[in-house]
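S.K.: These are the residues of each chain, in order.
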Amino acid sequence: AQSVTQLGSHVSVSEGALVLLRCNYSSSVPPYLFWYVQYPNQGLQLLLKYTSAATLVKGINGFEAEFKKSKTSFHLTKPSAHMSDAAEYFCAVSDKIDSGYALNFGKGTSLLVTP
Amino acid sequence: SQTIHQWPATLVQPVGSPLSLECTVEGTSNPNLYWYRQAAGRGLQLLFYSVGIGQISSEVPQNLSASRPQDRQFILSSKKLLLSDSGFYLCAWSFEGPPLHFGNGTRLTVT
Chain A
9 AQSVTQLGSH
19 VSVSEGALVL
29 LRCNYSSSVP
39 PYLFWYVQYP
49 NQGLQLLLKY
59 TSAATLVKGI
69 NGFEAEFKKS
79 KTSFHLTKPS
89 AHMSDAAEYF
99 CAVSDKIDSG
109 YALNFGKGTS
119 LLVTP
Chain B
516 SQTIHQWPAT
526 LVQPVGSPLS
536 LECTVEGTSN
546 PNLYWYRQAA
556 GRGLQLLFYS
566 VGIGQISSEV
576 PQNLSASRPQ
586 DRQFILSSKK
596 LLLSDSGFYL
606 CAWSFEGPPL
616 HFGNGTRLTV
626 T
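Residue numbers (the numbering used here), protein chains in the order written: chain A, 9 to 123; chain B, 516 to 626.
Note that these hints are calculated values from the structure, not bench results. Given the structure is predicted, the values throughout are model-derived calculations rather than measurements. Keep in mind that a hint or two might mislead.
[What the hints assert, rightly or not] Partner residues are not named here, just some residues of chain B that face chain A (Cβ under 7 Å, in silico):
#, residue
1, Ala555
2, Leu559
3, Leu561
4, Val566
5, Ser572
6, Leu605
7, Gly612
8, Pro613
9, Leu615
10, Phe617
11, Gly618
12, Asn619
13, Gly620
[Said to hold, decoys possible] Stretch by stretch, here's where chain B covers chain A in the computed footprint (C-beta under 8 Å, at least three residues):
#, stretch
14, 51 to 58
15, 98 to 107
16, 112 to 118
[Stated by the list, open to error] With a cut-off of at most 20 Å between alpha-carbon atoms, the simulated SDA-like pairs for lysine to any residue come out as follows:
#, chain 1, residue 1, chain 2, residue 2
17, A, Lys115, B, Glu537
18, A, Lys104, B, Phe603
19, A, Lys104, B, Leu615
20, A, Lys79, A, Thr13
21, A, Lys115, B, Gln560
22, A, Lys104, B, Gly567
23, A, Lys57, B, Phe610
All C-beta atoms, glycine included, are put in the ideal place defined by N, C-alpha and C.
Okay, chain B solo, but in the shape it has when bound (with noise of 0.2 Å):
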């Protein structure tokens, strides 16, 4: 069965810090994988997906950056945080259609 997975779960970083968060699905080949966030009082943004290696999209213009390195491994980044970057950042994978299999999330605290 697949399994889809995202770490750190919590993170706390600096304004001006660097990020880097990691999904990776298991048990699948060539799966579409996205990037949402989840901020309070704005339900759930779609920020990036990926329907193949080294292939992104962006949805909204934004401080944060997407990379998929490998074929399983979907990784959200940025430079230099924002206070506005925190948030609940999901992964979701899914075949064709739209993404119907979640992680468990990251809670990003910039501070």
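Chain A extracted, bound-state conformation (with noise of 0.2 Å):
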């Protein structure tokens, strides 16, 4: 099966700085890769989604994210960390099912944004 992981379930960064939150999948096939974000009680938003085109993808809210096959990563980053980016960031890897795909899901990392 596929899978993510998510290195550092908490990420601190101050308000301005760069965002860089790490993520390395494991596939035997080429993978489909996204990044969601959570707001505490809220559902996931999609971010950006890798799907074998440009490696480099820009998302919503001003992130983006670069595909490294010969590293097997998928780090998101955003270059001004603004405060309303507090929140659960996830990666996720698509993944065969029987009559269908869903995703697997890293552990996520909490975002904090100091003034």
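Both chains come to you apart, so use the hints to assemble them.
M.R.: Written out as structure tokens, the structure is:
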């Protein structure tokens, strides 16, 4: 089965600083990869997805991620953190199941943005 | 446009009581539907998925069951809740491929 590992359960950055959230994947086939954001007591919102087109994927809210096959990584970045970016972030990989596809998620990284 | 609704938003239930969580999707037909559970420190776990009315697949053995009585309705149930059933339950849908659209979730606390 395809899986992802998120490095660091908590990340703290200063407002205006670079955001880097790390995700490594394990997949026997070319993966489809995703990043989601979750605000407290809310559902998941898709930030961006990689589906084997351009390796640098741009998403919403100024986030982007780069697919690096040689490093099996799909790290999420944002040049300048805003206070509103504080949330839980999940990396996920698409996995084939009996009748279709599901997402296998990492355990999440909580992003704290300090003034 | 398509929307997904879950209710209730929060629920506190005693151990041994029944459970029914509902999810509906609007603006589409014949979606694939999913139930995920998010437990503290354990990430998101796929519980059930359905590709059509009456078609339910379970990913993990557990105290819960799912049903799809109508095309755009997906229900998560339990006859007797356990403490370990506490968590944040998310419904999701897709046409093809993995689920990309999630509901706002139900926070279940079993006491």
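S.K.: Honestly, which of those hints from before does the structure not fit?
M.R.: Failing hints, ascending: 1, 17 and 18.
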